[in-house]
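Asks: Turn these sequences into a full structure, and let the hints steer you where they fit.
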Amino acid sequence: MKKTSILLGSLLMLLSISAYGQTNDKLVSSKTHMKFYSHTAVEDIEANNYASVSTINKGTGEVVFSVPMQSFEFEKSLMQKHFNSDKFLDTKEYPKAKLKGKITNLNDVDFTKDGKYSVVVEGELTIKGKTNAITEKGTIDVKGNTIKVSSSFNITLADYGITFAQGKPSTNIAKEVEVTVHSEYSAE
Amino acid sequence: MMKKKLFKIAAILAVAGLIIGVGVMLYMFNMPHRDIQSAKVDYSLTSTQIVSEYLSDKDAANEKYLAEDGDSKILEVTGIVSKISEDFNSQKVVLLKGNEDKAGVSAVFTAETNPNVSNLKVGETITVKGVIRSGASYDEDLELYENVILEKSDIIQN
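These protein sequence lines are chains L and V, in that order. Numbered continuously in numbering that gives the first Met the number 0, the first sequence closes out at residue 187. Numbered continuously in numbering that gives the first Met the number 0, the second sequence closes out at residue 157.
Hints are computed from structural coordinates only; laboratory data are not their basis. Even for Gly, the Cβ is constructed at its ideal location relative to N, Cα and C. Incorrect hints may have been included.
[To be verified] Derived lysine-lysine pairs resembling DSS-like cross-links, with alpha carbons at most 25 Å apart:
{"hint": "1", "chain 1": "L", "residue 1": "Lys127", "chain 2": "L", "residue 2": "Lys75"}
{"hint": "2", "chain 1": "V", "residue 1": "Lys39", "chain 2": "L", "residue 2": "Lys30"}
{"hint": "3", "chain 1": "L", "residue 1": "Lys129", "chain 2": "V", "residue 2": "Lys57"}
{"hint": "4", "chain 1": "L", "residue 1": "Lys25", "chain 2": "L", "residue 2": "Lys75"}
{"hint": "5", "chain 1": "L", "residue 1": "Lys86", "chain 2": "V", "residue 2": "Lys82"}
{"hint": "6", "chain 1": "V", "residue 1": "Lys72", "chain 2": "L", "residue 2": "Lys86"}
{"hint": "7", "chain 1": "L", "residue 1": "Lys127", "chain 2": "V", "residue 2": "Lys72"}
{"hint": "8", "chain 1": "V", "residue 1": "Lys101", "chain 2": "L", "residue 2": "Lys91"}
{"hint": "9", "chain 1": "V", "residue 1": "Lys57", "chain 2": "L", "residue 2": "Lys91"}
{"hint": "10", "chain 1": "V", "residue 1": "Lys39", "chain 2": "L", "residue 2": "Lys80"}
{"hint": "11", "chain 1": "L", "residue 1": "Lys91", "chain 2": "V", "residue 2": "Lys72"}
{"hint": "12", "chain 1": "L", "residue 1": "Lys97", "chain 2": "V", "residue 2": "Lys39"}
{"hint": "13", "chain 1": "L", "residue 1": "Lys99", "chain 2": "V", "residue 2": "Lys63"}
{"hint": "14", "chain 1": "L", "residue 1": "Lys127", "chain 2": "V", "residue 2": "Lys82"}
{"hint": "15", "chain 1": "V", "residue 1": "Lys39", "chain 2": "L", "residue 2": "Lys25"}
{"hint": "16", "chain 1": "V", "residue 1": "Lys3", "chain 2": "L", "residue 2": "Lys91"}
{"hint": "17", "chain 1": "V", "residue 1": "Lys63", "chain 2": "L", "residue 2": "Lys127"}
{"hint": "18", "chain 1": "V", "residue 1": "Lys82", "chain 2": "L", "residue 2": "Lys30"}
{"hint": "19", "chain 1": "V", "residue 1": "Lys72", "chain 2": "L", "residue 2": "Lys97"}
[Said to hold, decoys possible] Here are some, though not all, of the chain L residues that point toward chain V, as calculated from beta-carbon distances under 7 Å:
{"hint": "20", "residue": "Ala50"}
{"hint": "21", "residue": "Val52"}
{"hint": "22", "residue": "Thr54"}
{"hint": "23", "residue": "Gln69"}
{"hint": "24", "residue": "Ser70"}
{"hint": "25", "residue": "Ser76"}
{"hint": "26", "residue": "Leu77"}
{"hint": "27", "residue": "Lys80"}
{"hint": "28", "residue": "Thr134"}
{"hint": "29", "residue": "Lys136"}
{"hint": "30", "residue": "Thr138"}
{"hint": "31", "residue": "Lys142"}
{"hint": "32", "residue": "Phe163"}
{"hint": "33", "residue": "Ala164"}
Replies: The structure is reproduced here in structure tokens:
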């Protein structure tokens, strides 16, 4: 009888600790930067987005980015219109893109110790309603209460149903686009 | 004689056409971004109203507010300042959110309009004009409610 109550008690304690831990493990960031960069012999095009929302879970290693597509800003307004149109990203139909992944080497990261940690994120990227598996490298920078995540990788536009067979876009936009991601989380 | 004159007219017309054509192309290519602050307001509402509109029917709200070419609706949103922060582009971000609401309206300012936020205090009620970029919804991967995003914002004086 005594044994079971001790067991129950410790189980309850464990449960409450893990529940407490869970709520505390997830960090939220709305301070983000996402950049698309396309390089061709004809021209370089870039678009910047500062409005994504991201979460990172220190306990499970889950990383999520939700990207409002109409927040991508181009230098030329005509390019921005093209980007949003149904021929390209169709942002009215698909207002958000999503990156959802998990850090595969979470054991290498010590969120309590300052330092830069190389991580591998495995997951899925959804753009224009099409989802593809991705495995990309990134860096987690821990400094006091601030955690910064950064990553840079290439995506093939055709994988997301973005194709242009003719005209200016086919010569001026690269088939592979570089995506750069930055986000900053602070433990409150 | 007559033939020569005709040829001359045709040549002038062709050159004029070319100049106009190139001019239009250059104009299209270098067309400036829409000036949100001097454009007409499409809808005036409170942060609570637009959030509840999005949370009750996201698709209908997107249909109403988002434009296919990205030149989406220009809104004047009134709400309570619940948070003031800054993004990676040094732009001020003011969150308008009702105390009972699950989400709010995140108004992103610009380098030009940033100074107008400097005296702002949490708890004040203000009206902000800007262009909507995306709506509010619950995201099951983030496990939280996302705010309506308004950009190119400025405070409207009443």
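Asks: Hints first: check each against the structure and report whether it holds.
Replies: Outcome of the hint check:
Proximity of L/Lys127 to L/Lys75 is assessed by CA-CA distance (about 22 Å); at most 25 Å being required, the pair is judged to hold. Taken as a hint, the V/Lys39 and L/Lys30 pair is broken in the structure, with Cα atoms around 30 Å apart against an allowance of 25 Å. Distance restraint check for L/Lys129 and V/Lys57: the Cα-Cα separation of roughly 20 Å lies within the 25 Å cut-off, and the hinted pair is therefore satisfied. For a cut-off of 25 Å, the pair hint linking L/Lys25 to L/Lys75 is broken: about 38 Å separates their Cα positions.
As the CA atoms of L/Lys86 and V/Lys82 are separated by approximately 37 Å, the hinted pair breaks the 25 Å bound. Restraint check for V/Lys72 and L/Lys86: the C-alpha separation of about 21 Å stays at or below 25 Å, so the hint holds. Note on L/Lys127 and V/Lys72: the hinted pairing holds, with a Cα-Cα distance of about 21 Å set against a maximum of 25 Å. Simply put, V/Lys101 and L/Lys91 have alpha-carbon atoms about 24 Å apart, close enough for the 25 Å limit, and the pair holds.
Taking the CA atoms of V/Lys57 and L/Lys91, the gap is near 12 Å; set against the 25 Å cutoff, the hint holds. Taking the CA atoms of V/Lys39 and L/Lys80, the gap is about 19 Å. The hint holds against a cut of 25 Å. With a C-alpha separation of about 12 Å, the suggested pairing of L/Lys91 with V/Lys72 holds against the 25 Å cut-off. Note on L/Lys97 and V/Lys39: the hinted pairing is violated, with a Cα-Cα distance of about 32 Å set against a maximum of 25 Å.
Restraint check: the Cα-Cα separation between L/Lys99 and V/Lys63 comes to about 29 Å, which exceeds 25 Å; the hinted pair is violated. Taking the CA atoms of L/Lys127 and V/Lys82, the gap is about 31 Å. The hint is violated against a cut of 25 Å. Annotation: proposed proximity of V/Lys39 to L/Lys25 is violated, straight-line Cα distance about 41 Å (limit 25 Å). Of the supplied pair hints, the one linking V/Lys3 and L/Lys91 is violated, its CA atoms being roughly 56 Å apart against a limit of 25 Å.
The hinted pair formed by V/Lys63 and L/Lys127 meets the criterion: a straight-line CA distance of about 20 Å does not exceed 25 Å. A C-alpha spacing of about 13 Å is found between V/Lys82 and L/Lys30, which places the hinted pair at or below 25 Å, so the restraint holds. As the CA atoms of V/Lys72 and L/Lys97 are separated by approximately 24 Å, the hinted pair is consistent with the 25 Å bound. For L/Ala50, the suggested interface contact is upheld, since its CB lies about 5 Å from the closest CB of chain V, less than 7 Å.
With a least beta-carbon distance of about 6 Å to chain V, the hint placing L/Val52 at the interface is held under the 7 Å criterion. Here the hint on L/Thr54 is kept, as its CB sits about 5 Å from the closest CB of chain V, short of 7 Å. Checking L/Gln69 against chain V by beta carbon gives a least distance of about 4 Å; that is within 7 Å, so the hint holds. The interface hint given for L/Ser70 is met, as the beta carbon of that residue sits about 5 Å from the closest beta carbon of chain V, less than 7 Å.
This hint holds: L/Ser76 has a C-beta 4 Å from the nearest C-beta of chain V, less than the 7 Å allowed. A least Cβ separation of about 6 Å between L/Leu77 and chain V falls short of the 7 Å threshold, and the interface hint therefore holds. Taking 7 Å as the C-beta contact cut-off toward chain V, the hint placing L/Lys80 at the interface holds, the least distance being around 4 Å. This hint is violated: L/Thr134 has a C-beta 18 Å from the nearest C-beta of chain V, more than the 7 Å allowed.
Taking 7 Å as the C-beta contact cut-off toward chain V, the hint placing L/Lys136 at the interface is violated, the least distance being around 21 Å. Against a cut-off of 7 Å between C-beta atoms, the interface hint on L/Thr138 is violated, since the closest Cβ of chain V lies about 16 Å away. The beta carbon of L/Lys142 is not positioned within 7 Å of any beta carbon in chain V (closest approach about 16 Å), and the interface hint is therefore violated. With 7 Å as the threshold, the beta carbon of L/Phe163 stays out of range of chain V, its nearest partner Cβ sitting at about 17 Å, so the hint is violated.
A cut of 7 Å between beta carbons decides the hint on L/Ala164: the least distance to chain V is about 21 Å, and the hint is violated.
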